[in-house]
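These protein sequence lines are chains A and B, in that order.
Residues in the first sequence are numbered consecutively from 1, following the working numbering.
Residues in the second sequence are numbered consecutively from 1001, following the working numbering.
Hints listed in this document are in silico derivations from the structure and should not be mistaken for laboratory results.
Where is the CB? At the ideal position from N, CA and C, for every residue including glycine.
Take the hints with a grain of salt, since some may be wrong.
Going by beta-carbon spacing under 10 Å, a handful of chain A positions derived as facing chain B [said to hold, decoys possible]:
#1 Ser30
#2 Pro51
#3 Ser52
#4 Ala63
#5 Ala65
#6 Trp244
#7 Gln245
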Amino acid sequence: MSAMRHLVAALRNPASTATLRGDQWSALISVARGEMLLATLGHRLAGAALPSRVAALFAAECAYARQMQRHALWEVEMARRALTQIGVPVILLKGSAYAAAGLSAAAGRHIGDLDILVPRDRLTDVEAALIDAGWDWVKNDPYDQAYYRQWMHELPPLIHGARDRMIDVHHNLLPLTARHHIDAAALIDRAQPVADGVLTLDPIDRLIHCAAHMLADGDLAGGLRNLWDFHCLTGDAAALDGAWQAQLLARAQGFGLTHSVRRALRLSAALYGDGAVLRLTDRLFIRRLLARDAMGRPSHPLTQLGFYTRSHGLRMPPAMLARHLWRKWRMARTKI
Amino acid sequence: MTHGFALRVGPVAMRIFSDWAGPIADLRRLYADYPQPDDGVASLTAHIGAARPWRRWLRPAVSIGGDFTIPDALPLPLSQGLLAAEMAMNLQVAMGWRQQMLLHASAVERDGRVLLMVGASGSGKSTLAALLGEGDWRLLGDEFALLDLENGNILPFPRLISLKNQAINVLQDRADPSRFGPRITGTPKGDICHMRPRADAISRMDEGGAPALLLFPAFGSDNALRPVPPSEAFFRLTESSTNYVGLGEAAFTALNRLVRALPAVAIGYQSGEQAIEIVEALWNENLGNENLGSAAR
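Can you build the whole structure from these sequences, using the hints too?
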């Protein structure tokens, strides 16, 4: 079995690690780190019988991840303070939402940038308030700035001058140029408070966002982690309401995301759950999700290239993509 | 990547893979006496590979990577393959080691007490540790010192010593030729040569010690001594650590304890001999005939 299969098996069933040899542990640790799942795995294997060096590694990784989550939640507080003055509540997305709401997906999860959702008609105010509070543009290039503002679902990334942390301010979950359009106001309406001035999406909408982010946007880099999030979120949703799957599919249909959500359900059941009947195309996705070798390096370059190309096709129509790539190519040339 | 090697240095077990046989053969020779990872488990993985597939054979170019990579890092020529391998391993430790606090420092031990030397590249901390490690000190490491957050001890991390320029000849006069790697010329830092630490450093790599003196050496400066207050030492040590922020309160507490207990001195020096004299004088002055532990605390 490959290192990536061992990783998936360990997350699904911690007891599967009992028979691993030393070299298999080395490979498993490397691929888990590459997929940003090392501390997640550490939490999952808490209580399992582990070689002493592995146990020491996981203890340190879990403590480190916990500390980094404290930093991430401090960023949440900083954003809340900046936006509370203009009366815009902070709706958290992804990692910081899971941590703030204490969801199972947060255990050991690496949290990078702070992702928040705000009403589109407040975007200008939000931008001004954040800049006033010390955030600044990462990309100052006029084309990038114009592109983000005209076509993307988020502002160009901002970074805080003193704390060196990024914030992504979303007004939607998918680019405006994407094939499917999500009614962001419907998401905001159902957002749930987790603290004063801080909200997260409703449990069903968290699943919608996770599936859309993973399968209707991007090239599936880090997909195994996103799929683990999805798997954990299904567990949380199921614990709240037995009819979660029907609600999820109804909501997905409303947003035109049935295809992505159904695929996310099949992939997460196949890799992390009780199994699923896979379609032929699902196998391609799994090949992409597991594209890493025993030395921890990305593998299957053609599959990766295919998904990279697909991500651009998802993001914008062909003529627009051609113009964008031409423009980016010329920018890269003039920089050299 | 067809060539691989694993080793353990103190608490850190690593694997390294390479597209070429040469650098791995050098590592095998220079790390010959080092133990294998316990139970075969390596917790960090480094790579050196061809920057482009054809660059494995055609004007070979070595990229540095592994679990952690630096985007846009310039590849090295294959003649610098051993340096690339050492850099790749250093990168993994700097970015990925979280079990102790990493200090970018050299360290030597005598009578169970540790002398820590902190300084930027070019300060001479590496040469100084190498020289002391050939005398009546035991080398703990020339690049990273590992601060145990629970008991405040410094754990050894005796990797190959990276000698530069004049320091190469100085050490080659004192140590057995079998302990040296190839002299690597034309690097951005001039000539580099790797040296295996003395046998005692390797055989006692699991034996740490309590820190007793903290020095901030500066090669080429006037040979003035300046006591460094705990506040400044604290800041300079956090700046020299890649994992201080992520280790949180435990690192703050351990470092705070360290700088309050330890005499700290900035020293300037012009030559190795002079530096050793200064170090010995400061050591004796601060430890005297008594145990420094009681004097400092």
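Hints, verified against the model:
1. The beta carbon of Ser30(A) is positioned within 10 Å of a beta carbon in chain B (closest approach about 4 Å), and the interface hint is therefore held.
2. Interface hint at Pro51(A): satisfied, since its Cβ lies 5 Å from the closest Cβ of chain B, which is below the 10 Å cut-off.
3. Restraint check, Ser52(A) versus chain B: the minimum CB separation of about 7 Å is within 10 Å; hint holds.
4. Against a cut-off of 10 Å between C-beta atoms, the interface hint on Ala63(A) holds, since the closest Cβ of chain B lies about 8 Å away.
5. Given hint, Ala65(A) at the interface with chain B, holds; its Cβ is 9 Å from that chain's nearest Cβ, closer than 10 Å.
6. Given hint, Trp244(A) at the interface with chain B, is violated; its Cβ is 36 Å from that chain's nearest Cβ, farther than 10 Å.
7. Hint status for Gln245(A) relative to chain B: violated, with the closest Cβ pair at about 37 Å, above 10 Å.
The structure fails to meet hints 6 and 7 from the earlier list, while all remaining hints are met.
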